[in-house]
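Student: The residues making up each chain are set out below.
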Amino acid sequence: MADVEPSPYGDCKFVARVEHIKTLTQAIKSICFNDYGMLQVSEDGLRITVEQGKSIQATLFMPPGAFMEFSVQDFQCFGLKMNVLSECLQLFGSADCSMRMMYRDKGDPLRIILYPHDDDDVSTECAIKTMDCDEPIDYDQNLKDPDLNVIFVRGPNLSKVFHELEKSAEEFEFVTSPNRPHFKITTVGIMQAVFSVEVAKTSPMMMMFNCKQTVVARYKSQQIRITNKAMQSATKVAIKTNSVGLLELHLVLQGDGQDEIFIQFFIIPLLNTD
Amino acid sequence: MKYTLEGSNARVIAKAVQSLSKVGKEMFIEIDQQSLQMRAINATQSAVGSISFKRSMFEVYDMPPHSDFYCKISMKGCLAVFRNMNEVEYCELNLLDNQTNLQVNLRCKLETTKEATISIIDDQNINTNINTDQMPNIIRGDHKLLTDISNNFNSSEEELTLEANLGSVVAKNYIEGARVNDKFMRTQLKLKPSEFEQYQVTKETVITFCIKEFRAFLLFAECLNASLILEFDEAGMPFLLKIKKHGEIECLLIMSTLSPDDISFSEEYCQKDLTVQDEDVRAAASKRKSSAPGPNVTNKRKGSSSEPSAVQPKRRVEETQLESSLDNPLFLFRDSEAPSVQQPRILAEVDTVVLIEDEAEQEALMLAAADAALEASIAHSSGPPNSTEVCFINTDDSQQPKPPESSSDEDETIPQSPERPNKVRTIFSRCFQSTYVPREPSPNTQCYAPNSDTED
Amino acid sequence: MSTVCIFLYYFFHRSALINSRKSVFFANKMKFRALMQDPLYMKEFQAIVATLTKLAKDCVMILGSRQMHFIVNEDQSSSASPLVWAGIAAKEYFPEYRMESAHPDQEYIVLDMSSANLGRALSVLRGGGVNSCKLKLQRIQFPCISVIASVLTSSSTEAREVVHDVPVTIIPGSDWSAYVLPSVPNSQLALGLPSLRLLKSLIDKLKNISPSLEFQANLDGELNVIATSEMSTVTSRFQKLLIRTVAGYEREASCSVDSRKASAFFGALQLPHEELTIGIDREHSIHLQIDVRQDVVLHSVLPAVCI
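Residue numbers (UniProt numbering), protein chains in the order written: chain D, 1 to 274; chain W, 1 to 456; chain G, 1 to 307.
Hints listed in this document are in silico derivations from the structure and should not be mistaken for laboratory results.
All values derive from a computational prediction rather than experimental measurement.
Glycine included, each C-beta is placed from N, C-alpha and C at the ideal position.
Be a bit skeptical, because a hint or two may be false.
Each computed DSS-like pair below joins lysine-lysine, with the alpha-carbon atoms no more than 27 Å apart [what the hints assert, rightly or not]: (1) K22(W) / K167(D); (2) K54(G) / K205(G); (3) K200(G) / K22(D).
Reference listing, derived: stretches of chain W covered by chain D, where coverage requires no fewer than 3 residues with Cβ under 8 Å from a Cβ of chain D [what the hints assert, rightly or not]: (4) 78-87; (5) 100-113; (6) 116-123.
In isolation and in its complexed conformation, chain D is listed as follows:
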């Protein structure tokens, strides 16, 4: 399809088009763990950030190349309800749709129009109210040190490992280390049993293993499980931790456009009580 100029949409400050919404829908669904989301658009691309308390943050990032069409004036930023956005994208269930997204100016709604591919006579238009934008917390600064533990893992394999973690556990203890066990997750808080899973650094699921120090940190199991949905559609995952255990999971999703889509999770470790 030929690129359409933004002019048919009038004076919109932001216009984007996606040919297949499946990946975008999945990505948005997987970060809907809190109702309020922050949407930021610039020439770099589209960013949607969701936070819960000050302990977990997820950011969906789509570069302009992930869209069929992408045009933006200046820097646009607004807040919206994540579940409303997610429900709008899922209105036609599993039927594949193309989508246009438009935003005129501050205070105006975000318009999303869905066109199911298998029926030209059907369409639906959603106008989602926008709110003032907050500033997301910047965790990235803490993960700039050169002595981070960094592991790249194949997404589907890691997704399975995470998914099979015993769900009744309250906490998970992560170990990343240059020595054995290289990467190990242990359950904490189950009566009469302890479960653990360990992946060797030579495992074929490891794409890169670069750990300089042994880091042991505990996380709320509920927060680790928040990442499961996103992990299911990830092709590659980067696991990064600094010496205090701040955890970054950087997920790469294959988008429907040319470019990849990214979801970045930051999870704060629990205080070491023992």
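Fit chains W and G to the given chain D structure using the hints.
Tutor: Relative to chain D, chains W and G alone:
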């Protein structure tokens, strides 16, 4: 002590765990020179299932000679270890820390290792003293056929009744002639002997047993792609379900069946008595009538008759000793005792509301006499178990001198855990009702009721 | 002890009275018997009943001499279940169909039953391999519709008989006024929707957005479904629809209905049929109709709500 299995064998063990988890909340493991056995007993102690794996299934079977080992672990933990088995290539079982922990090490694809440490709750075992050799009736059928049969019944169904005759077998969710709730849908399936691989019925009989445990083992038979062998005698005698595969895996599920003593066939009063009890089932099931609970009634009941008060404390003691005593049979399927203990509690709810009617008195006297007779028979039969009863014997190695503990500690017996009696009531509720109404028409006779529409 | 027994007796006595009252309604000459043999028709019949099963706990079966009707009433306890009824011409499904009412004056047998039980009893028809299926009204302790299916299995050359006895309550003629078949509303405009698939998932999602849905239809063959909430407005458009009925002179008609009721109807549909007629009676109701066959029709009426 260490035992290792190759991945596909470990998956079979995982399936066995899943099936047993549908039977009981605790897993009993016994390891001897020949085999590893896993057992579970259901909450009402009316069914015990065991699955044994021969030594040949293991690659390493490190068992010191002339020794055996048994333990009890929580089913939940066990289930969690054996949940995702597709990737498992090698499985290692270790007994650690002076046999207080069971460690399961699963080596999976992609150099991933899963490890679980499950604490051993107790060194306890369960045994049965039932003769499992020869039964007059043996039916062997493919798991597909039996799954097909079981699928015709609702998953909420509690019991299955089999009418085994020389020329046919009928599977039903009710007992012929018994009065049921008027919202209850009856289901029956007629099968020909030709559908089975082996059909040997020498003693025509009608037996009723729990369907839940039956289904649990059906699931395992499906995984083994094996046939099931059903062996049984008459009503009240144990029902056996056996599965065998390559001489390496043997399963045995022993279930108690509804005793014929509980279905009174003969006396006149029965029908009335039964209708009333049927009403109780309804009341208990819907709990609509639970508006007026009367503690005074319980007192009255205890005061008015001496027999039940003698029965009840005895039951309590039995309950507290269940897990600890060596000689006490864990389970006697002698539920003729149950109605006389249980009924009044339900009836109590009605008591405060209902007035006495004159015309009822004569009938009541008959009932009273019948009840007295029933209680007398209970008292009479409360001797040591004889051979016709199903007994699951609990062997406990830990410590012998426990009985004094439980008998002296009266405080512990008073707030008895309500769980078990409740379960007995719900799961076996229909078993405990003597609801046989001999004069009811059979469903096969087509009779249309007399016409008496109000409009006419 | 004896007092307890007296109460026992009293209780029995009461229940016996109830029972005898029930049997009073059970008629001597009241007879019903129907037989199905075609697997396709059996599946369709099963699908209709399965749809009703999903909608409500109980259903009413009205047996006429040539017609069979099912009604599922609006559930008073939850507003989610809509009024749905199905009319089946007996000759379409049943090569053998015999109904004799209690009295020559009466045209019907009216039965009330648990739709879940009937659904379960008929579920055996869903898979193939059923030779025949008989429905029979009979009394076994209490009145029942016995569903007798003769099932062919892989394990045997002979058919296996599976019997389910669905308990029913016979509604006496004096109470029939409460069980009258609903009438189809007069729609000003009715459109034919060729495919249900997108609408079905759309309505299911829209119920989460708004408690009411506005249906707008116009003479251009366009149907708009509008859901409005505090945070969003969703407008869905279906174009190039067939115009089935036009009454009156106005170019368009609209009506707002309870979105949970609409969703319950679409969510319950078990029929493979895709076509739906949607009629709008301005400010009164929406009529949904699925023509399974010429003489087998499923209806639902969604009453208008105030916004």
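Student: Would you mind marking each hint as holding or not holding in the structure?
Tutor: Verification of the supplied hints:
no., hint, verdict
1, K22(W) / K167(D), "holds, 20 Å"
2, K54(G) / K205(G), "holds, 18 Å"
3, K200(G) / K22(D), "holds, 19 Å"
4, 78-87, "holds (count 5)"
5, 100-113, "holds (count 4)"
6, 116-123, "holds (count 5)"
The structure shown violates none of the earlier numbered hints.
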